[in-house]
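Participant: Listed here are the chains, written in short residue letters.
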Amino acid sequence: MAVKKEWLAMLLAGGQGSRLYTLTKKLAKPAVPYGGKYRIIDFPLSNCVNSGIDTVGVLTQYQPLVLNEYIGNGQPWDLDRVDGGVFVLPPYQKSSGSDWYTGTANAIYQNIPFIERYDPEYVLILSGDHIYKMDYAKMLALHKEKGADCTIAVLDVPYEEASRFGIMNTDETGRIFEFEEKPKQPKSTLASMGIYIFTWKKLKAYLEMDEQDPTSSKDFGKNVIPAMLEAGEKMYAYPFEGYWKDVGTIDSLWEANMDLLNPNVELELYDPSWKIYARNPVQPPHYIGSDAKVQNSMITEGCQVNGTIDFSILFAGVTVEPGAIIRDSIIMPGAVVKTGAVVEYAIVAEDAVIGEGAQVGARPENTPEKDQWGVTVIGAGAEIAAKATIPPKSMIEGKA
Amino acid sequence: MIGKQVLGIAFSNMRDFDLGKMTAHRTIGSVPFGGRYRLVDFALSNMVNAGISNVGVITQTNYQSLMDHLSSGREWDLSRKRGGLRILPPYASLSGKGEYRGTLEALYGAMGFIRHSTAEYVVVTGCDYVLNIDFTDLFEAHEKSGADITVVYRNKNIEQKEEEHGTVFQFNRDGMVNDVMVGPVLLGNRNLYMSILIMKKSLLESLVEDNVGHDRYSMRRNVLLAKYNQLKIYGFEYKDYCAHIHNLNSYYQANMELLIPSVRTVIFRQDRPIYTKVRDEVPAKYGLSALVGNSLVADGSIINGEIENSVIFRGVHIGKGAKVKNCILMQGTIVGENVTLDSVITDKNVVIREGRTLVGFETYPIYINKNNSI
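Chains as they are written, first to last, in the working numbering: chain A, 5 to 404; chain V, 180 to 553.
None of the hints are false.
Derived lysine to aspartate or glutamate pairs resembling DMTMM-like cross-links, with alpha carbons at most 25 angstroms apart:
{"#": "1", "chain 1": "V", "residue 1": "LYS549", "chain 2": "V", "residue 2": "GLU485"}
{"#": "2", "chain 1": "A", "residue 1": "LYS297", "chain 2": "V", "residue 2": "ASP521"}
{"#": "3", "chain 1": "A", "residue 1": "LYS9", "chain 2": "A", "residue 2": "GLU125"}
{"#": "4", "chain 1": "V", "residue 1": "LYS504", "chain 2": "A", "residue 2": "ASP314"}
{"#": "5", "chain 1": "A", "residue 1": "LYS98", "chain 2": "A", "residue 2": "GLU120"}
{"#": "6", "chain 1": "V", "residue 1": "LYS456", "chain 2": "A", "residue 2": "GLU272"}
{"#": "7", "chain 1": "V", "residue 1": "LYS499", "chain 2": "A", "residue 2": "GLU270"}
{"#": "8", "chain 1": "A", "residue 1": "LYS150", "chain 2": "A", "residue 2": "GLU237"}
{"#": "9", "chain 1": "A", "residue 1": "LYS142", "chain 2": "A", "residue 2": "GLU245"}
{"#": "10", "chain 1": "V", "residue 1": "LYS456", "chain 2": "A", "residue 2": "ASP82"}
{"#": "11", "chain 1": "V", "residue 1": "LYS499", "chain 2": "A", "residue 2": "ASP314"}
{"#": "12", "chain 1": "A", "residue 1": "LYS150", "chain 2": "A", "residue 2": "GLU125"}
{"#": "13", "chain 1": "A", "residue 1": "LYS279", "chain 2": "A", "residue 2": "ASP139"}
{"#": "14", "chain 1": "V", "residue 1": "LYS504", "chain 2": "A", "residue 2": "GLU325"}
{"#": "15", "chain 1": "A", "residue 1": "LYS279", "chain 2": "V", "residue 2": "ASP459"}
{"#": "16", "chain 1": "V", "residue 1": "LYS260", "chain 2": "A", "residue 2": "ASP58"}
{"#": "17", "chain 1": "V", "residue 1": "LYS260", "chain 2": "A", "residue 2": "ASP87"}
{"#": "18", "chain 1": "A", "residue 1": "LYS403", "chain 2": "A", "residue 2": "GLU325"}
{"#": "19", "chain 1": "V", "residue 1": "LYS406", "chain 2": "V", "residue 2": "GLU384"}
{"#": "20", "chain 1": "A", "residue 1": "LYS206", "chain 2": "A", "residue 2": "GLU185"}
{"#": "21", "chain 1": "V", "residue 1": "LYS456", "chain 2": "A", "residue 2": "ASP275"}
{"#": "22", "chain 1": "A", "residue 1": "LYS249", "chain 2": "A", "residue 2": "ASP263"}
Source of the hints: derived by calculation from the structure; they are not laboratory data. Note that this is a predicted model, so its numbers are computed, not measured.
Okay, chain A solo, but in the shape it has when bound (with noise of 0.2 angstroms):
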């Protein structure tokens, strides 16, 4: 038996990202690249980190590879420890047979082994899809205060925006007496960001009672939630304050990173106090030659910027020859941007190639039916020929 611990973190990565289309076809949606020189699962494992938290369980499942390398022993979020530090989890062969995650709770119910070799008394529930910066020892404290068998982190949100999150509805002590999921008539507008932290025991019970319910879907917001509701165990919402975004399409991936470039948006990067770590390129610092224009943009090791860049984030190691020009993008690492070519409202996944001349996307005021805008996509490694012209809300793999 390893070292006791009062609390652990599982973080929930197994998720595709369907709606994130090509950019999560190699890699799970927790892998994809955010803010320059991020993944999203930077996050919550920085978070995690700087919360106090030494022990973290990474579920695993869809595209595990780029993850698994990613996350390797843990050491850029300081989590390569002699006790503890940061486990992949996958699903494994068990004497009793083997399957796949089924759903969130079944995720953590076949990791009950692992959780009680830490013997902890809480256990906080992360999803590798947002980014936003928290505090989980402050949850704790509340959870400890009120005695709770379990806490939801909560947001409150714009009353016309609840009706497509799961809405948690309290007393006045924080005490959640309901909860719908998408309802179109929210009774309040405090969001789940599913986060969840739990006394263990109470959720381990849960856990096996709710795999022996064959209807159930084995769901953290549809099953294990509602009972513990309904059998009136004590569950308070955390008011969170602060930025938090859901990357889940490719229209808030893009406004995510976007999102770094606006002086009014609060989630800053630059806070000593509160880093977010990532795995670092080994790349020298990045060049701007001449005849480049640069202006607020984000630009990190490796790149070479001969040309204009506004309103974009540039990924390691990016290149933009002469005359070429960037606005309101994000370049993945490694991409090449040659002379001549535009691209606008675009997300250039890694190692794509926009060939000479070039026009990737365009500004919505150059979209004359405002129905076929949206931001344009260009898969990991595809190549766009000189002088192609990649309309508006396309999706380009391979040659184009």
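Given chain A, work out where chain V should sit, using these hints.
Facilitator: Relative to the frame of chain A, chain V by itself:
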């Protein structure tokens, strides 16, 4: 890959005094360079890229910044169970003051570490060159030549007398050294020693013991100069770009030369990367009024002013309306609004307050001490 056959030794303190105030609180190996590196990174990365996984770094004084930079050696993949990085501060040297007078005396102090290694060969290098050299090539040339020692040199046509202190070789037809001059006037066509050599570990051990026993301490004078007739010393020419850092001027020029694309191609090769300490910085951010040309910019910087022909290290802030030209701004430099800087080197965490103007000249840059505020 020459791997386990070769032990690496890097001298981080060779000729500290040449860089004046910049090395008042650090070794030459820990002098910041090229936006995110320290000079020792080049020596260590060259070794690691050739598969050398056991490296000793010999230090003398002011080595705290070096220890902070190198730590366990993990960033260079030198945090190993077998071998890995070993920092060798001075101890039990003959002078008794914990300081050594020359390379041989320093190696004598590290003899325990050297003897313990099972490697057959030793590569010894300084930290005063910025270069990307393949030590596998050096090793193979040494083997092929049948020499006792192989020294690395570069050929240079020197038109103006330089203040540089150097060791100069002449070679016979077989490429063996047949003349050595230590510290001559540097003018004309010269073969300059680059403070890198390879030899059998057993030979190094006996040379160190014999010389130190006779109170001789200089590798250049007491081995290369005194023994080139008795030992076969082969010259290995390094032909690619390199920069010798031997005073503030050459430090400044070497940084500026990184702005030339062909220089970066040679120094920052993808197949032989230069490793350095990771600082988990955010990508550099360019504001509305940023205007940047021909410059290297490291992560963590926030640019709101104009920059031209400059090297900007990690975490530098440039205020609105500031004009920075021909400058090297080290980590954490804060340049206030409407500041004008030309040909200035700021050391770490320098603050230039709003509206100040500082102008040096390209051949005589102004240097501002660490933590100073203007």
